[in-house]
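Build the full structure now, drawing on both the sequences and the hints.
Protein chains in written order, with the numbering used here: chain A, 4 to 143; chain B, 4 to 143; chain C, 4 to 143.
Hints are not guaranteed to be accurate.
Repeated chains share a single entry, so a pair holds when one copy, or any two copies, can fit it.
To be verified - Below, a list of computed lysine to aspartate or glutamate pairs in the DMTMM-like style, where the Cα atoms sit at most 25 Å apart:
(1) Lys54 / Glu88
(2) Lys36 / Glu88
(3) Lys21 / Glu51
(4) Lys36 / Glu56
(5) Lys36 / Glu72
(6) Lys54 / Glu43
(7) Lys54 / Asp6
(8) Lys40 / Glu55
(9) Lys40 / Glu88
(10) Lys21 / Glu72
(11) Lys36 / Glu51
(12) Lys21 / Glu88
(13) Lys40 / Glu72
(14) Lys40 / Glu51
(15) Lys21 / Glu43
If you're looking for bench data, these hints aren't it; they were derived computationally from the structure.
Note that this is a predicted model, so its numbers are computed, not measured.
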Amino acid sequence: MEDITYWYALAAVLLFFKMLAIAVYQGFHRIGKMTFKTPEDAAFVGREAAKEELPQVQRGARAWSNDVENIPIFLALGVAYVWVEAAPGLAGWLFMTFTGARYMHTACYLAALQPWRTVAYAIGVACMLAMCVLILAVIL
Amino acid sequence: MEDITYWYALAAVLLFFKMLAIAVYQGFHRIGKMTFKTPEDAAFVGREAAKEELPQVQRGARAWSNDVENIPIFLALGVAYVWVEAAPGLAGWLFMTFTGARYMHTACYLAALQPWRTVAYAIGVACMLAMCVLILAVIL
Amino acid sequence: MEDITYWYALAAVLLFFKMLAIAVYQGFHRIGKMTFKTPEDAAFVGREAAKEELPQVQRGARAWSNDVENIPIFLALGVAYVWVEAAPGLAGWLFMTFTGARYMHTACYLAALQPWRTVAYAIGVACMLAMCVLILAVIL
Numbered sequence: 004m005e006d007i008t009y010w011y012a013l014a015a016v017l018l019f020f021k022m023l024a025i026a027v028y029q030g031f032h033r034i035g036k037m038t039f040k041t042p043e044d045a046a047f048v049g050r051e052a053a054k055e056e057l058p059q060v061q062r063g064a065r066a067w068s069n070d071v072e073n074i075p076i077f078l079a080l081g082v083a084y085v086w087v088e089a090a091p092g093l094a095g096w097l098f099m100t101f102t103g104a105r106y107m108h109t110a111c112y113l114a115a116l117q118p119w120r121t122v123a124y125a126i127g128v129a130c131m132l133a134m135c136v137l138i139l140a141v142i143l
Numbered sequence: 004m005e006d007i008t009y010w011y012a013l014a015a016v017l018l019f020f021k022m023l024a025i026a027v028y029q030g031f032h033r034i035g036k037m038t039f040k041t042p043e044d045a046a047f048v049g050r051e052a053a054k055e056e057l058p059q060v061q062r063g064a065r066a067w068s069n070d071v072e073n074i075p076i077f078l079a080l081g082v083a084y085v086w087v088e089a090a091p092g093l094a095g096w097l098f099m100t101f102t103g104a105r106y107m108h109t110a111c112y113l114a115a116l117q118p119w120r121t122v123a124y125a126i127g128v129a130c131m132l133a134m135c136v137l138i139l140a141v142i143l
Numbered sequence: 004m005e006d007i008t009y010w011y012a013l014a015a016v017l018l019f020f021k022m023l024a025i026a027v028y029q030g031f032h033r034i035g036k037m038t039f040k041t042p043e044d045a046a047f048v049g050r051e052a053a054k055e056e057l058p059q060v061q062r063g064a065r066a067w068s069n070d071v072e073n074i075p076i077f078l079a080l081g082v083a084y085v086w087v088e089a090a091p092g093l094a095g096w097l098f099m100t101f102t103g104a105r106y107m108h109t110a111c112y113l114a115a116l117q118p119w120r121t122v123a124y125a126i127g128v129a130c131m132l133a134m135c136v137l138i139l140a141v142i143l
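What follows is the structure, given as structure tokens:
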């Protein structure tokens, strides 16, 4: 790793793969059980539209919903962190801990594991809080 | 404030705190009323899963849903704005007006205040439109 | 176009307009049929709150939901791509193909066109996979 932008790039790539994994998980269940809620999707395989998404698809959707509430703002804080040159030595630790926590969060959501899902969520938020403090220490 | 990247960093930090505030608001109501829709969450406190989220949690979810439709693209436009060096003197005004409008939007959503919620939404969109015009003026 | 940051800026602007188009589409139907699910919105025009959103609004919401699952991570990968200076000659092609694919995805979703919606989705994901490979080739 050369510098802080490399850690950012690695986090973005790993988080993309994590989100893609949910899409694959949902697609696997939708196709495996030939169950589609969107009418044109069901029609394409000659089925009636399902009234509800499969439980696994719903669970994936909730995991993804939490992702989109957390990951984009982390990535923006990461850009700010790089630009204001906040604590370069901590960047790798913070970015990778956040990324690991989000992998853990998705795994716990799909496996219905509590309190570990909430622990993973809290670790992610703690990383972002630390980034905010380090950023504010530079710009204020 | 030294330069335009500092305004970006400040906007990212303030928008993170705003989103976090919704999470705290939702958690406060879920825990205060011991009402959880996700089965493993309810089981963890020895309750049955609720059929529906609490009204306050649903309202928070709608506010957050509007956030994720608006804030990430604003943050990306902000990066573009900085990179192409579009009107540096306006950056602070645009970034802070957008941020303030999103605070107002969330407050109005949680308090069910119309037409102020729509006004706040429109101010945010107007800031992004202005950013688009200023960016396009440089790159085209 | 001078350089790779200009392609990024153009993609961000075009994707903003695409998302705004869904908001306009939803608002057009909500206002045209005076149908609002949120109580204070309905009350503002002297109506009862609708039990469900209009079909067109629901369809727009699903298109938008897919956008927020894909566009922010693309934009972060774009930042990473620029920072690590991955294959500058391909940036314009990748960014514009992704953007075009997302326009096609929304159009197909609103028009209920399959398998074209899935094709558009897959093209977007393929662009992001290519960006990941090119980024990892630099940083690893």
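Structure-based check of each hint:
1. Lys54 / Glu88: Classified as neither; 51 Å inside a copy, 47 Å across copies.
2. Lys36 / Glu88: neither (50 Å within a copy, 43 Å between copies)
3. Lys21 / Glu51: For Lys21 and Glu51, the Cα distance exceeds 25 Å both inside one copy (31 Å) and across copies (31 Å).
4. Lys36 / Glu56: within (11 Å within a copy, 28 Å between copies)
5. Lys36 / Glu72: Classified as between; 23 Å across copies, 29 Å inside a copy.
6. Lys54 / Glu43: For Lys54 and Glu43, the Cα distance is within 25 Å both inside one copy (13 Å) and across copies (24 Å).
7. Lys54 / Asp6: Result: close neither inside a copy nor across copies, 50 Å intra and 49 Å inter.
8. Lys40 / Glu55: Both. Shortest intra-copy (6 Å) and inter-copy (16 Å) distances satisfy the 25 Å Cα cut-off.
9. Lys40 / Glu88: Classified as neither; 47 Å inside a copy, 42 Å across copies.
10. Lys21 / Glu72: Answer is both; intra-copy 15 Å and inter-copy 12 Å each pass.
11. Lys36 / Glu51: Within one copy only: 13 Å inside, 28 Å across.
12. Lys21 / Glu88: Between copies, since 23 Å is at most 25 Å while 27 Å is not.
13. Lys40 / Glu72: both (24 Å within a copy, 18 Å between copies)
14. Lys40 / Glu51: within (9 Å within a copy, 27 Å between copies)
15. Lys21 / Glu43: Only across copies: Lys21 and Glu43 sit 22 Å apart there, 27 Å inside one copy, limit 25 Å.
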